[in-house]
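Letter by letter, the chains look like this.
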Amino acid sequence: MSASLCVVPDSISAGAPRPPSIHEVGARIKSHEWVNGEYRLLVLDAPASILNCEPGQFFHLLCPQTDRFQPYLRRPMSIYSFDAARGTLSFLYKVAGAGTGALAELQPGATLNIVGPLGKGFEIRPEWQRPLLLARGVGLATLAPLARECARLDRPLTAVCSARSPELLMSTDLFRSYGAEVITVTDAEGNSGVESLTTLIERLIRSRGIDAFFTCGSARLMRMLQEMGARHGIVGQVALEQQMACGIGMCQACVRPFRRETGAVNLRVCREGPVFDLQEVL
Amino acid sequence: MSASLCVVPDSISAGAPRPPSIHEVGARIKSHEWVNGEYRLLVLDAPASILNCEPGQFFHLLCPQTDRFQPYLRRPMSIYSFDAARGTLSFLYKVAGAGTGALAELQPGATLNIVGPLGKGFEIRPEWQRPLLLARGVGLATLAPLARECARLDRPLTAVCSARSPELLMSTDLFRSYGAEVITVTDAEGNSGVESLTTLIERLIRSRGIDAFFTCGSARLMRMLQEMGARHGIVGQVALEQQMACGIGMCQACVRPFRRETGAVNLRVCREGPVFDLQEVL
Amino acid sequence: MADLTTKIGTLTLKNPIMPASGTFSEELAEVFHLDTIGAHVTKTITRGKRAGNPMPRVCEVGGAMLNSIGIPSKGAEWFVKNVVPFYADYDAPLVISISANTADEFARFAEEVSVPGVAAIEVNISCPNIEDDGKAFAMRPGPTGDVIRKMRSATSLPLWAKLSPNTGEVVEVAQAAEAAGADALVTANTMLAMAIDSRTGCVRLGNIMGGLSGPALRPITLRMTYQCARAVAIPVIGCGGISAIDDVLEYLIAGARAVQVGTATFISPTTMPRLVRELEQALVGRGLPSVDALIGTVEVAYEAITLAEYA
Amino acid sequence: MADLTTKIGTLTLKNPIMPASGTFSEELAEVFHLDTIGAHVTKTITRGKRAGNPMPRVCEVGGAMLNSIGIPSKGAEWFVKNVVPFYADYDAPLVISISANTADEFARFAEEVSVPGVAAIEVNISCPNIEDDGKAFAMRPGPTGDVIRKMRSATSLPLWAKLSPNTGEVVEVAQAAEAAGADALVTANTMLAMAIDSRTGCVRLGNIMGGLSGPALRPITLRMTYQCARAVAIPVIGCGGISAIDDVLEYLIAGARAVQVGTATFISPTTMPRLVRELEQALVGRGLPSVDALIGTVEVAYEAITLAEYA
Ligand SMILES: Cc1cc2nc3c(=O)[nH]c(=O)nc-3n(C[C@H](O)[C@H](O)[C@H](O)COP(=O)(O)OP(=O)(O)OC[C@H]3O[C@@H](n4cnc5c(N)ncnc54)[C@H](O)[C@@H]3O)c2cc1C
Ligand SMILES: Cc1cc2nc3c(=O)[nH]c(=O)nc-3n(C[C@H](O)[C@H](O)[C@H](O)COP(=O)(O)OP(=O)(O)OC[C@H]3O[C@@H](n4cnc5c(N)ncnc54)[C@H](O)[C@@H]3O)c2cc1C
Ligand SMILES: Cc1cc2nc3c(=O)[nH]c(=O)nc-3n(C[C@H](O)[C@H](O)[C@H](O)COP(=O)(O)O)c2cc1C
Ligand SMILES: Cc1cc2nc3c(=O)[nH]c(=O)nc-3n(C[C@H](O)[C@H](O)[C@H](O)COP(=O)(O)O)c2cc1C
Ligand code: FES
Ligand code: FES
Numbered sequence: 001m002s003a004s005l006c007v008v009p010d011s012i013s014a015g016a017p018r019p020p021s022i023h024e025v026g027a028r029i030k031s032h033e034w035v036n037g038e039y040r041l042l043v044l045d046a047p048a049s050i051l052n053c054e055p056g057q058f059f060h061l062l063c064p065q066t067d068r069f070q071p072y073l074r075r076p077m078s079i080y081s082f083d084a085a086r087g088t089l090s091f092l093y094k095v096a097g098a099g100t101g102a103l104a105e106l107q108p109g110a111t112l113n114i115v116g117p118l119g120k121g122f123e124i125r126p127e128w129q130r131p132l133l134l135a136r137g138v139g140l141a142t143l144a145p146l147a148r149e150c151a152r153l154d155r156p157l158t159a160v161c162s163a164r165s166p167e168l169l170m171s172t173d174l175f176r177s178y179g180a181e182v183i184t185v186t187d188a189e190g191n192s193g194v195e196s197l198t199t200l201i202e203r204l205i206r207s208r209g210i211d212a213f214f215t216c217g218s219a220r221l222m223r224m225l226q227e228m229g230a231r232h233g234i235v236g237q238v239a240l241e242q243q244m245a246c247g248i249g250m251c252q253a254c255v256r257p258f259r260r261e262t263g264a265v266n267l268r269v270c271r272e273g274p275v276f277d278l279q280e281v282l
Numbered sequence: 001m002s003a004s005l006c007v008v009p010d011s012i013s014a015g016a017p018r019p020p021s022i023h024e025v026g027a028r029i030k031s032h033e034w035v036n037g038e039y040r041l042l043v044l045d046a047p048a049s050i051l052n053c054e055p056g057q058f059f060h061l062l063c064p065q066t067d068r069f070q071p072y073l074r075r076p077m078s079i080y081s082f083d084a085a086r087g088t089l090s091f092l093y094k095v096a097g098a099g100t101g102a103l104a105e106l107q108p109g110a111t112l113n114i115v116g117p118l119g120k121g122f123e124i125r126p127e128w129q130r131p132l133l134l135a136r137g138v139g140l141a142t143l144a145p146l147a148r149e150c151a152r153l154d155r156p157l158t159a160v161c162s163a164r165s166p167e168l169l170m171s172t173d174l175f176r177s178y179g180a181e182v183i184t185v186t187d188a189e190g191n192s193g194v195e196s197l198t199t200l201i202e203r204l205i206r207s208r209g210i211d212a213f214f215t216c217g218s219a220r221l222m223r224m225l226q227e228m229g230a231r232h233g234i235v236g237q238v239a240l241e242q243q244m245a246c247g248i249g250m251c252q253a254c255v256r257p258f259r260r261e262t263g264a265v266n267l268r269v270c271r272e273g274p275v276f277d278l279q280e281v282l
Numbered sequence: 001m002a003d004l005t006t007k008i009g010t011l012t013l014k015n016p017i018m019p020a021s022g023t024f025s026e027e028l029a030e031v032f033h034l035d036t037i038g039a040h041v042t043k044t045i046t047r048g049k050r051a052g053n054p055m056p057r058v059c060e061v062g063g064a065m066l067n068s069i070g071i072p073s074k075g076a077e078w079f080v081k082n083v084v085p086f087y088a089d090y091d092a093p094l095v096i097s098i099s100a101n102t103a104d105e106f107a108r109f110a111e112e113v114s115v116p117g118v119a120a121i122e123v124n125i126s127c128p129n130i131e132d133d134g135k136a137f138a139m140r141p142g143p144t145g146d147v148i149r150k151m152r153s154a155t156s157l158p159l160w161a162k163l164s165p166n167t168g169e170v171v172e173v174a175q176a177a178e179a180a181g182a183d184a185l186v187t188a189n190t191m192l193a194m195a196i197d198s199r200t201g202c203v204r205l206g207n208i209m210g211g212l213s214g215p216a217l218r219p220i221t222l223r224m225t226y227q228c229a230r231a232v233a234i235p236v237i238g239c240g241g242i243s244a245i246d247d248v249l250e251y252l253i254a255g256a257r258a259v260q261v262g263t264a265t266f267i268s269p270t271t272m273p274r275l276v277r278e279l280e281q282a283l284v285g286r287g288l289p290s291v292d293a294l295i296g297t298v299e300v301a302y303e304a305i306t307l308a309e310y311a
Numbered sequence: 001m002a003d004l005t006t007k008i009g010t011l012t013l014k015n016p017i018m019p020a021s022g023t024f025s026e027e028l029a030e031v032f033h034l035d036t037i038g039a040h041v042t043k044t045i046t047r048g049k050r051a052g053n054p055m056p057r058v059c060e061v062g063g064a065m066l067n068s069i070g071i072p073s074k075g076a077e078w079f080v081k082n083v084v085p086f087y088a089d090y091d092a093p094l095v096i097s098i099s100a101n102t103a104d105e106f107a108r109f110a111e112e113v114s115v116p117g118v119a120a121i122e123v124n125i126s127c128p129n130i131e132d133d134g135k136a137f138a139m140r141p142g143p144t145g146d147v148i149r150k151m152r153s154a155t156s157l158p159l160w161a162k163l164s165p166n167t168g169e170v171v172e173v174a175q176a177a178e179a180a181g182a183d184a185l186v187t188a189n190t191m192l193a194m195a196i197d198s199r200t201g202c203v204r205l206g207n208i209m210g211g212l213s214g215p216a217l218r219p220i221t222l223r224m225t226y227q228c229a230r231a232v233a234i235p236v237i238g239c240g241g242i243s244a245i246d247d248v249l250e251y252l253i254a255g256a257r258a259v260q261v262g263t264a265t266f267i268s269p270t271t272m273p274r275l276v277r278e279l280e281q282a283l284v285g286r287g288l289p290s291v292d293a294l295i296g297t298v299e300v301a302y303e304a305i306t307l308a309e310y311a
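Keeping their order, the protein sequence lines are chains E, X, W and R.
Residues in the first sequence are numbered consecutively from 1, following this note's numbering.
Residues in the second sequence are numbered consecutively from 1, following this note's numbering.
Residues in the third sequence are numbered consecutively from 1, following this note's numbering.
Residues in the fourth sequence are numbered consecutively from 1, following this note's numbering.
Just so you know, the hints here were simulated from the structure itself, not pulled from any lab data.
Careful: at least some of the hints might be erroneous.
Straight line, CA to CA, 16 Å or less: simulated EDC-like cross-link-like pairs of lysine to aspartate or glutamate [as the list claims (entries may be wrong)]:
| # | chain 1 | residue 1 | chain 2 | residue 2 |
| --- | --- | --- | --- | --- |
| 1 | E | K120 | W | E178 |
| 2 | X | K120 | R | E27 |
| 3 | W | K150 | W | D104 |
| 4 | E | K120 | W | D246 |
| 5 | X | K120 | R | E30 |
Generate coordinates for the entire structure from the input sequences, incorporating the hints supplied.
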């Protein structure tokens with residue numbers, strides 16, 4: 001990373017006392033189930049104050065201390081679904097290391113301390129009438145609220161869902177329930193490689209008139225869409241991940257380099273993101 | 001503490017490989033009940049290897065990490081009872097701070113890591129035919145195995161048990177079951193002060209022919225017995241406490257000064273004790 | 001009701017709870033009203049632009065964290081134009097943390113940022129001194145004195161010298177800062193540390209080494225706070241591992257006139273306002289009229305633990 | 001099967017796990033067979049008798065401990081007569097830790113304890129140097145070099161210099177020890193720290209300040225181990241906060257040729273034999289033929305975390 005990169009964003013939110021919009025709350029666990037061998041679905045009873053969310057935003061979870069795991073920092077998780085009317089908030093997460101390992105031990109009824117909503121979510125611009133969503137792994141969680149938003153805004157959505165194997169394909173029924181056209185590809189079936197997908201998506205661009213890309217969950221697929229987008233003049237957005245400490249914008253732990261007119265800038269994934277312009281990602 | 005004090009014991013156990021006599025084991029909790037508002041009785045299923053105990057010895061307990069308490073060092077606890085035939089080991093303890101607070105949260109069925117048996121226990125010398133035991137608070141726990149040993153050796157025992165209030169008098173039935181004569185005194189009844197006790201014990205010395213003192217649980221009562229012992233030529237033993245780190249004799253955290261022929265020496269409560277000659281305590 | 005105000009030289013803070021540099025920013029205003037705390041302390045800036053260190057910049061190590069953020073900075077001018085005005089709407093004094101490569105540059109920089117709206121300058125002397133073989137200024141009394149002396153003649157704002165735990169001469173460094181005209185000391189910055197992922201064999205920070213912060217640091221920085229509070233007459237501000245009210249009390253009792261909260265804000269962004277509330281409760285609970293009544297009251301217990309009276 | 005032996009200069013240890021001074025004694029033979037570990041390191045002794053520090057001598061602080069045991073000692077003569085023979089029945093080399101007030105006293109003492117049965121001398125230079133205003137020898141390269149140089153001409157036994165984390169010049173101190181003839185370094189001793197009981201307002205150690213040990217120390221001493229292993233050619237022995245096999249691997253990967261286990265033995269007296277077993281398993285699990293194959297293999301990852309491949 002070169003020392004000439006700018007390192008904080010150019011705009012700072014206007015000064016002075018405002019009512020808090022980020023909340024630290026204890027939320028009761030309503031249910032907590034395995035959805036496949038790797039992922040768990042965590043549903044929380046959440047107060048209305050934190051349910052004014054945008055698709056693509058995330059929460060920062062204080063995973064518990066257990067006998068086996070003693071995570072210290074919080075763990076960021078995309079919102080899988082939020083429902084202000086029912087007062088629920090849910091996360092779909094992969095059990096990976098200490099934090100998610102400890103999280104997985106929590107039982108319904110227990111309280112989980114969460115901070116959010118955080119970050120900048122997806123923006124479905126008026127001119128984006130025929131979006132395509134390409135999700136893999138955790139992206140299948142992160143992009144779920146976007147599919148709902150597309151339904152709300154009446155934008156016919158094509159969802160290409162990728163996974164290692166058919167069992168690991170998540171959210172496809174949810175996507176369908178939002179009226180999306182769902183196409184699945186898996187490593188097991190041999191149709192999830194960049195080449196097959198390029199062919200598939202080229203075809204969809206032509207046949208469906210795709211005019212925007214949304215993606216999450218794979219650096220490889222993001223690069224592929226950047227390349228195809230550049231070729232076809234299709235713009236879009238990507239939800240990124242980066243290791244975080246504060247999640248709020250204070251610590252500069254989560255920066256990544258982005259292309260801006262003025263040159264490369266480092267932006268905070270937790271604050272200027274996690275959703276970024278697809279073509280700006282360096 | 002003057003720099004002229006000797007600081008390690010004069011004898012070092014003879015060298016060379018021996019079979020281990022101190023064990024670190026995980027013991028299953030058989031039962032764990034409150035005996036009054038302050039004390040809990042913890043009964044463990046214990047392997048025979050650690051049940052070759054002497055009255056007055058102790059174990060070093062690894063209290064668990066809980067959400068409320070994160071003790072780090074082990075906590076020393078006198079053996080309240082041990083039974084090699086039944087394979088049980090029990091502790092009677094006061095819930096005080098982080099360690100015992102965490103311990104108190106353990107449920108039957110859980111495993112507790114313990115190290116022991118540790119230290120030097122009571123010695124009932126052949127010439128001590130008519131012992132008197134004076135116990136207060138935790139001393140009521142520590143002296144219980146001694147009462148059993150007196151019964152086994154056929155020494156009629158008088159047990160003077162002191163507490164703040166009658167509810168806090170523990171072990172008295174146990175002492176009686178070992179055939180001891182039990183006399184209780186409490187602050188509530190106003191008969192537990194040094195003056196009343198001096199009168200009581202002077203009378204017992206005359207009437208019962210007391211020839212040895214055992215005590216635990218109160219510095220004030222220990223001083224009183226030292227003084228009476230000196231006056232009447234009655235010897236005895238005391239079980240002491242001191243903050244510990246290793247519990248085995250490695251760290252020198254637990255030393256206290258004692259009177260020896262050669263002058264004052266610092267001895268390790270965990271190793272040369274916890275039971276010491278009553279008159280040697282400085 | 002207890003009086004929570006505390007004086008740091010000429011500044012009066014409404015309470016002794018403030019953030020540690022690098023763990024606070026304008027965004028926290030979206031979590032709680034920033035006037036609940038005693039002062040605002042900004043992330044260290046440099047005069048010129050800097051990118052900061054390579055990724056990964058943070059990792060966690062058994063109940064604490066390491067960071068090698070470095071000092072990304074958009075420069076002095078940008079800061080004065082964009083950040084300082086943000087804080088104008090708050091009553092709490094604004095303390096800005098600055099860093100530089102030489103004592104002269106520190107002085108020039110101090111002058112540049114001595115603008116209306118800035119109440120004090122925190123001097124981050126834990127950065128490498130390029131005139132002293134890259135050793136941090138805060139490692140030795142000489143360079144520390146130089147920096148503060150030159151800054152003292154360049155600005156009339158209060159100067160808070162932020163000390164480093166990575167030295168064997170903390171008392172001498174503290175005294176040098178005081179002699180050179182520092183108005184307060186902050187004890188302390190992070191401790192140089194490292195972690196390796198034993199599975200992959202890789203260092204866990206892009207910069208290889210980084211600063212240890214959080215609870216594990218507290219016994220070390222508390223010791224420094226105690227040492228410095230006894231060695232200097234200027235106020236000492238404790239910093240390191242504070243997350244609970246008992247930690248705040250510990251520092252005040254050791255002699256700190258105020259405290260800074262760092263990593264705990266990452267773990268719970270509402271830590272500072274909670275500590276303000278709990279401090280008031282703790283003082284009332286002890287029957288103390290003010291924070292002042294607690295500061296420096298530490299007692300030394302040389303006695304052996306005597307046989308416990310279980311009564 | 002993996003080869004666990006490691007060479008510390010002329011000594012070959014059957015495995016790299018040994019105790020840290022002050023956390024080991026003859027009594028541990030009642031817990032496990034002392035020949036399971038790589039070496040025996042005794043508590044520091046002084047030539048004359050000493051009582052050690054006032055009570056309380058230990059306390060716990062959030063997942064770590066502080067101690068101010070001091071150096072109680074029955075003196076050199078008693079030690080040579082009573083302790084050295086105890087270890088004669090074991091194969092593992094006996095390393096004895098000594099301390100003194102001046103460089104000359106260190107030298108005289110080294111000579112006195114260079115007796116049959118002693119395999120190496122660990123030099124505890126964290127104690128105050130009465131000829132340098134009470135600053136510990138290990139704080140500065142000069143006094144460290146003096147001690148080792150004088151000891152070097154007084155004994156032919158291997159000398160292990162035990163460094164202190166309480167200095168900003170650890171690399172210079174390490175190099176001074178090497179230049180003066182040290183055969184190995186031990187990184188490191190405890191870090192000066194303090195705790196106050198916020199309820200009573202009393203310091204929690206009789207000696208006011210004490211040494212931090214246990215997990216909280218690990219990131220600091222690991223960093224020192226890494227720095228020293230790169231700065232000197234003699235073997236470095238890592239020490240600080242080791243309790244799990246991952247900790248052992250971390251130190252070896254950082255460049256340590258062996259490790260010392262301290263406080264963990266208090267928490268679990270069977271820690272060392274367990275680590276020996278788990279080390280063998282870990283090497284086999286990684287397909288490594290020997291400890292040597294792991295030492296100093298640390299890799300530096302400067303890369304940004306890239307978007308995770310969830311596949
Ligand atoms: C904005 C955002 C949204 C996310 N949403 C989801 C989601 O909906 N579902 C899901 O399964 N995962 C999601 N992740 C990834 C998730 O945060 C990590 O899987 C999790 O932090 C791993 O923690 P751990 O302790 O189990 O793993 P460890 O590997 O032990 O974590 C060690 C450290 O690395 C960090 N880390 C590890 N992996 C990642 C990662 N991929 N991204 C950022 N930090 C990481 C951890 O936070 C922790 O600090 C998201 C990440 C970000 C940044
Ligand atoms: C040999 C021995 C036998 C004991 N037997 C019993 C028993 O049978 N029943 C019982 O209730 N208690 C007994 N105690 C006291 C018991 O160890 C303490 O009550 C317990 O350690 C308190 O720990 P805590 O974390 O709950 O309290 P805290 O006060 O939070 O403990 C803080 C620290 O001080 C130490 N400490 C506190 N009180 C004592 C004490 N009285 N003696 C030694 N260290 C102390 C703790 O071990 C810990 O390291 C015994 C102590 C010793 C030394
Ligand atoms: C992510 C991070 C960034 C930091 N940046 C700075 C900084 O720019 N300037 C500074 O003086 N201290 C910086 N610090 C140190 C803190 O101000 C504080 O001294 C240290 O973290 C100890 O306090 P804590 O344990 O409460 O976090 C930083 C600490 C962290 C964790
Ligand atoms: C109770 C105690 C006593 C110690 N005594 C000594 C000593 O006499 N000499 C010495 O060099 N180090 C001494 N140390 C330091 C240890 O040898 C070791 O360097 C330190 O504890 C760090 O390792 P750990 O975290 O594994 O405990 C002592 C440590 C403890 C906890
Ligand atoms: S995680 Fe702290 S700035 Fe993004
Ligand atoms: S507790 Fe370690 S010697 Fe007694």
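Tested hints:
no.	hint	in the structure
1	E:K120 / W:E178	violated, 46 Å
2	X:K120 / R:E27	holds, 13 Å
3	W:K150 / W:D104	holds, 7 Å
4	E:K120 / W:D246	violated, 37 Å
5	X:K120 / R:E30	holds, 14 Å
Going down the numbered hints, you'll see the structure goes against 1 and 4, while the others check out.
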